[in-house]
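Peer 1: Sequence:
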Amino acid sequence: MRRHIQKALILAMALCAGASAFGADDVIRYKLPNSSFPISQAVEIPAGLTTVYLSGQVPPLQDASQPKDSPLAYGGDTKGQTIGVLKAIEKTLAGMGLGMGDVVKMQVYLVADPAKDNKMDFSGFMEGYTQFFGTSAQPKLPARSAFQIAALANPAYLVEIEVVAARKK
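Here my numbering is used: the first residue of the sequence shown is 1, the next is one more, and so on.
Think of the hints as simulated: they come from the structure by calculation, not from any bench.
A hint or two may mislead.
Said to hold, decoys possible - Straight-line C-alpha distance at most 30 Å; calculated DSS-like pairs for lysine-lysine:
#, residue 1, residue 2
1, Lys91, Lys79
2, Lys87, Lys140
3, Lys68, Lys116
4, Lys91, Lys105
5, Lys68, Lys31
Unchecked claim - Beta-carbon label-pair distances, calculated as ranges:
#, residue 1, residue 2, range
6, Thr50, Pro114, 39 to 47 Å
7, Ser65, Gly97, 29 to 37 Å
8, Thr50, Gly134, 21 to 29 Å
9, Pro114, Glu44, 16 to 24 Å
Where a beta carbon is used, it is the ideal one built from N, C-alpha and C, also for glycine.
Go ahead and model the full structure; you've got the sequences and the hints to work with.
Peer 2: Next comes the structure, spelled out in structure tokens:
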């Protein structure tokens, strides 16, 4: 009987130690097969981590001298607005003790750009996105969806992004 109790205690201690050792680095990211595209096909969050859902972030005001309904006030084109949004997300995450490498899921909403024949500027978005994800400094890639939508709250916004991050409990 005593031996069974010892084994149970050892197993319980091992389980507790394992659970407390999880961190965002333990997130499992599945690469897209045969692709270098900078997103994960899937992301698996193990037990012992919590998820943090950030509300959609729109481009911050960058040039107050421009009219508030002009894309120029918010970074101009899709690339500039994407960089502004991702910097704002990075700042919000940092305030929570997280970083861009903790992002496990991203949803991107892009509005048609009048300067691009009223089509979303996906390549402009990717030029901004790849400054934050898939770099040598920050190689972790989230699972991601991107949508072209009819409009956002301000007609000057071309981009809105929401993310989910994982953190150690």
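Peer 1: A separate judgement is required for each hint: does it hold in the structure or not?
Peer 2: Quick rundown of the hints versus the structure:
no., hint, in the structure
1, Lys91 <-> Lys79, "18 Å, holds"
2, Lys87 <-> Lys140, "17 Å, holds"
3, Lys68 <-> Lys116, "21 Å, holds"
4, Lys91 <-> Lys105, "17 Å, holds"
5, Lys68 <-> Lys31, "40 Å, violated"
6, Thr50 <-> Pro114: 39 to 47 Å, "41 Å, holds"
7, Ser65 <-> Gly97: 29 to 37 Å, "35 Å, holds"
8, Thr50 <-> Gly134: 21 to 29 Å, "25 Å, holds"
9, Pro114 <-> Glu44: 16 to 24 Å, "40 Å, violated"
When held up to the earlier numbered hints, the structure conflicts with 5, 9 and fits the remainder.
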